[in-house]
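Visitor: Working from the sequences, and respecting the hints, build out all of it.
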Amino acid sequence: MTCYGDVNPCDFNPVTFGNVLEEPLEAIWRRVATTGVRPHRSACRMQSARYRRQYIDPITDAERLPVRIERLPGDGTILAEKAK
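Its first residue numbered -4, the sequence shown is counted upward by one per residue in my numbering.
Everything labelled a hint here was simulated from the structure, so no lab data went into it.
Keep in mind that the hints are not guaranteed to be accurate.
Have a look at the derived ranges for each label pair, beta carbon to beta carbon [unchecked claim]:
no. : residue 1 : residue 2 : range
1   : 41        : 66        : 11 to 21 Å
2   : 5         : 53        : 10 to 20 Å
3   : 58        : 27        : 12 to 22 Å
4   : 21        : -3        : 15 to 25 Å
5   : 19        : 44        : 12 to 22 Å
6   : 56        : 21        : 19 to 29 Å
7   : 5         : 58        : 28 to 38 Å
8   : 58        : 6         : 28 to 38 Å
9   : 63        : -2        : 26 to 36 Å
C-beta atoms are modelled at their ideal positions from N, C-alpha and C, and glycine is treated no differently.
Guide: Dropping the structure here:
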């Protein structure tokens, strides 16, 4: 979590699942659990070319960081819905 309340996968990742100043942490955590981005990994996501193509490349220079996960095409929610 950043000092501004954004819940990000890691310090170096410009993607956020939500902000605790705007909604409860429980709701944000449910969002984390229903996306393809899991909260813990043994390797750095930013070093993965596949992750960067899905989540980082779609971010434009004009956007304010961090970018909400729902804004990105690779957010994994479609995959999570199909798994139900």
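Visitor: Which numbered hints turn out to be false for this structure?
Guide: Hints 5, 6, 7, 8 and 9 contradicted; others consistent.
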